[in-house]
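Peer 1: For reference, the chains in residue letters:
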Amino acid sequence: MSVPNEQMIKGYETSPHIDAPRRFGLADTVWVVAVLIASIIGYAQYSEALDFYATGTLFGTAALLAFIGWIWPAMRWLTGIVAVISVYALWEYSALGADGAVGREALAEFQESSFLFKFLLSSTAATMWMVTLYLLSIPTYFISTLVRSDYGLKVGSVLVWAGSVMGFVSFFTRWRESYLINIDYGHIPVGNLYEVFIVFAVFTALLYLYYEKRYNNRSLGGFVMLIVGVSLAFLLWYQFDRAAHVIEPLVPALNSWWMKIHVPANFIGYGTFAIAAMVGIAYLIKYKMGGDGPNDRLPKLSVMDDIQYKAIALGFAFFTIATILGAMWAAEAWGGYWSWDPKETWALIVWLNYAAWLHMRLTKGWRGPVMAWWSIGGLLITSFAFLGVNMFLSGLHSYGEL
Amino acid sequence: MTSQAQSAPKRRRRSLWSRLYTWLTSMNLAIALLAILAIASVIGTVLQQNLPFNDYVIQFGPFWFEIFNTLGLFDVYSVAWFVVILLFLLASTSACLVRNTPSFMRDMRSFRANAQSKSLRAFAHSRQFDSALSAEEITQRTRGLLDRLGYKSRVKERDGETLIAARKGGLNRIGYVLTHLGMVVILVGGLLDSKMYLKLLNTLGVVEIETRDIPVSQVPEESHLPEGALAGFRGSVNIPEGKWGDVAFIGLKDGYVVQNLPFRIDVKDFHIDYYDTGMPKSFNSDIKLTDKETGEVVEETIRVNHPLKYKGYNIFQSSFGDGGTELTFDAWQLLGQAGSRQELEGKVNEERSFEFGDEKYKLEFTDFTLFNVNPVPKAQQESLEEEGPAAASMTGASEEEPAETEEGGFLTAATDWLGDTVFGASSSGGKARAENVNFGPSVTFRLRDAAGQAVEYENYFSPVDFEGTRYFLSGVKLGINAPQQFLFIPADRDNSLETFMSFYAKLKDEDEMRRIAAELVGQAGQAEGRNAQVQDAAARSMASLVSLFVEDGFSALEERVDQSLAERGITGQGTDQARQASFRVVQSLLMRAYMETLQEQGVENFEPRDEKFFEDALDVITVIPSYGSPIFVAPKSFEHIQSTGLEVTRAPGMFWVYLGSLMLTVGIFMLFYIHFRRLWVLIRPADSEEDGESGRHRLIVAGTDARKNIDFDQVFDQFSSELQRQTGSNVQKNPPSDSDKG
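Chains G and H are the protein sequences, given in the same order.
If you count the first sequence from 1, position 388 lands on 389 in our numbering, and the numbers rise without skipping.
If you count the second sequence from 1, position 490 lands on 514 in our numbering, and the numbers rise without skipping.
Bear in mind the hints are in silico, worked out from the structure with no lab data behind them.
Everything hinted at is true.
Computed beta-carbon distance windows for the label pairs:
no. : chain 1 : residue 1 : chain 2 : residue 2 : range
1   : H       : ARG749    : G       : LYS214    : 23 to 31 Å
2   : H       : GLY336    : G       : GLY43     : 37 to 45 Å
3   : G       : GLY101    : H       : GLY476    : 53 to 61 Å
Every residue gets a Cβ at the ideal spot worked out from N, C-alpha and C, and that includes glycine.
Work out the full structure, taking the sequences as your base and the hints as a guide.
Peer 2: Here's what the structure looks like:
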């Protein structure tokens with residue numbers, strides 16, 4: 002998300018010719034226009050159902066997408082592929098539910114009767130594809146790093162990209178399915194623990210892909226995808242043991258447009274903090290094994306140190322936004338922007354922790370294993386704020402309960 | 025860090041203020057404060073805040089309660105020492121701002137055009153090379169390159185040398201100011217809205233805390249706050265439907281103070297919208313607000329996420345409860361003259377006393393629930409059957425405990441419901457969706473004996489169908505933290521308790537039982553030709569076994585039988601048979617009593633369901649001794665009156681908090697994503713160097729980045745390489761225009 006500069010475009014090798022800041026080329030124009038047209042079509046399609054805030058969110062998202070596509074061109078491809086698949090699925094669904102909701106049974110029947118939906122496009126199937134592709138990427142990355150296979154590492158990246166496509170497809174079809182079951186149930190799928198775990202997996206994977214591209218190094222993939230894998234293991238347990246994938250209506254407190262921006266902003270934070278911790282683990286492993294050598298499998302220590310900083314800085318920025326949005330939402334829903342509710346308080350603790358980390362690094366210049374350990378500790382605190390609070394402490398935020 | 029050199033210690037003894045200032049601005053203090061604040065915050069999340077003091081005493085005991093209370097741990101976020109931490113953070117951040125802002129502003133605009141070649145060469149990022157070009161040409165090309173890269177540059181000539189000083193990203197410095205100023209503004213805004221001022225008033229004795237549960241009109245004046253006494257506050261008030269209120273209660277320590285409001289709030293109606301699953305969709309209050317001064321009237325429906333805002337006050341839907349639902353119920357006697365009933369009236373949130381035998385009891389109706397939506401009660405029934413034969417009805421149903429959708433703050437209530445759905449789904453195979461069913465209304469009450477011991481009950485108005493059999497449910501909590509257990513009293517053909525209660529009355533009537541036993545023994549005796557005395561004794565002992573079963577439960581009966589078998593010296597193989605025989609005798613007596621009851625009730629043909637009723641009835645009877653109540657309350661009808669819990673707030677600090685948040689956010693992005701970088705190029709005639717050729721120039725290139733990240737290694741490398749390529753010694757004097765670069 003940073004202002005594009007030289008090294009982002011040319012990878013990490015020193016280029017013989019210096020590049021000026023990137024210009025706005027033809028492809029960029031086409032991209033921005035395409036996003037704008039898509040969002041206008043979307044608005045025209047659903048304008049009746051959109052209030053002022055929802056309209057703002059729609060065009061705000063479009064602007065953000067245009068920006069992301071500009072600084073990270075690969076996202077254009079992802080967006081395009083996801084759009085084609087999702088629009089096809091939504092088109093099939095709208096043929097099914099032309100008159101509004103059809104109910105749970107009719108939806109299930111349709112999904113059973115269509116091969117494509119049963120095995121690929123229904124949100125449950127798409128989630129399973131995402132899980133499979135992500136999980137496959139873990140051994141692919143690790144083994145390829147061990148045997149120094151560039152080809153294998155590229156396969157790992159492709160798996161993660163493909164998994165992300167399916168994750169988004171699952172997200173959009175699930176969103177539509179909630180309306181097909183009952184108009185009243187309809188909500189963006191970030192309303193319970195099951196749904197946000199998918200968001201966590203996809204965001205973490207995409208943020209990782211960004212760093213992979215930016216640092217032109219794929220060898221950390223196994224480490225990052227490992228934490229994604231852990232969250233997916235939980236997702237599977239939650240689905241098969243607790244039937245958590247069943248779409249339920251929202252509790253009243255969550256029924257607000259704030260949810261659409263508060264939750265994703267939070268998960269950019271959680272995702273980057275997770276990446277920083279996993280890179281911290283890789284850092285410590287390399288550090289214990291003797292540090293930088295001439296023929297390394299992992300990136301240089303200074304590079305891993307830098308990735309941790311970049312990830313935490315980005316996460317901190319978005320976590321700050323998320324916490325502020327949360328406070329504004331709380332002011333609308335609970336009667337006060339800050340109630341010292343356990344979830345709020347733990348968000349503050351997470352924030353204070355990373356604020357301290359950043360101060361230490363930026364003004365005291367701390368580097369090395371201490372900061373790596375601290376990144377890992379930071380993830381533990383973050384995990385407690387994300388999951389532990391819901392499991393062990395009671396408060397206003399209890400809809401994420403297990 | 026950018027201006028270390030400017031404050032050399034002139035005086036050896038610094039003043040106290042100066043030392044305090046240095047300490048306040050130190051990074052160590054800032055980090056320590058962040059850490060202390062984080063750790064202190066944890067306390068309030070682990071220890072539930074602002075509960076009634078009694079709960080804490082029970083939880084921790086009087087000793088620890090005193091200690092915790094002295095430390096203010098029960099309201100940790102507004103206790104003095106916590107506020108002091110926040111104030112320190114405020115002071116530290118402000119001091120840093122005061123110290124750094126001027127120098128940062130200067131630094132931002134300065135080009136540092138007085139750098140010397142020696143210092144430039146000492147930079148971590150430094151490089152030098154020769155050029156055959158003229159100083160003017162080099163300057164022009166350098167500035168062209170810097171310009172293309174977005175740097176601003178200045179040229180300074182001195183002693184035959186040319187220094188080009190460039191900088192970029194000065195907004196980074198503004199970012200520093202914005203983030204820290206933002207934090208200061210947020211803290212000030214937050215403290216403005218906090219309880220700090222109210223606590224101060226309380227400490228000074230201006231405001232007294234009221235701890236009694238009394239009507240507002242009786243609260244003494246010292247506990248009333250006039251309008252506008254506090255800049256910001258958060259209070260709450262419960263108003264029943266059809267009633268009004270014009271105050272808000274602010275919780276403080278173990279009591280509250282009353283905040284007078286400049287308007288009155290009439291609650292016309294409270295209603296809940298439901299999803300088709302029975303899960304609540306939205307909680308709404310139709311309220312009418314009347315301004316006391318202007319008489320202005322605002323009518324609005326408020327719901328969660330949609331508060332009413334009026335003249336700086338915000339009114340939120342925050343909870344709901346019972347506003348005094350009126351009830352009628354039958355009190356069936358279980359002890360003494362069992363089976364008789366009395367029709368009574370009651371009201372939620374009120375209590376009534378009655379005497380029973382020599383004991384005094386208090387009946388306190390605490391809550392009424394209109395809908396009890398639960399997963400289909402299949403799972404419950406299964407778990408019943410797994411229990412032992414006699415103790416079946418009272419199963420600890422903590423998992424399948426019917427959820428109450430209408431109790432307390434609905435945020436948690438809704439979650440309870442959600443949790444139960446999940447459990448329901450898993451217990452019925454994991455994949456199937458839970459079907460839900462409404463058990464209908466229920467009333468919750470406590471029965472308190474003379475000693476003050478209370479048992480909590482939750483009784484349902486109508487019988488609930490469990491796979492074809494209908495039961496009256498009564499939930500029992502024998503202690504405060506005991507799990508809720510259920511009594512399943514079978515409903516008769518008319519869906520009433522009549523048959524069960526008559527049957528129970530008959531069993532408790534010793535004369536009746538002796539008569540029935542005598543008849544039974546008589547029939548058997550005539551066949552076997554025994555004498556009357558033996559028959560009478562047999563009847564007595566049978567009746568006494570039944571009485572034991574009814575009064576003390578199945579296990580007491582078992583014990584007695586085993587005991588008498590032992591007395592008669594029956595052991596080994598014969599024991600089991602003898603036991604079964606005894607039970608069969610009791611059972612046949614019970615059955616006979618049941619048949620008579622049915623006849624009295626006018627039932628003519630005996631059906632399988634009557635047999636099931638008999639078994640269910642015995643299951644209930646065996647646990648009645650531990651039911652804990654001398655009466656059974658069978659609620660009959662109700663007039664539902666709800667109350668809505670409103671939160672009334674005033675937050676003048678909110679504007680500042682939001683403003684500070686905006687500054688913080690913008691500042692963070694400036695700080696992280698705008699790089700404050702400097703580049704210098706010093707051009708000097710090469711002949712001044714020992715090894716230089718005349719007519720050539722030496723270039724010393726140096727750079728810094730406020731953030732010492734590896735990005736800059738590359739940026740500097742690229743810049744200096746490109747500069748060398750454009751101006752280095754192997755470059756032609758007339759460069760091939762601009763076409764060398766794509």
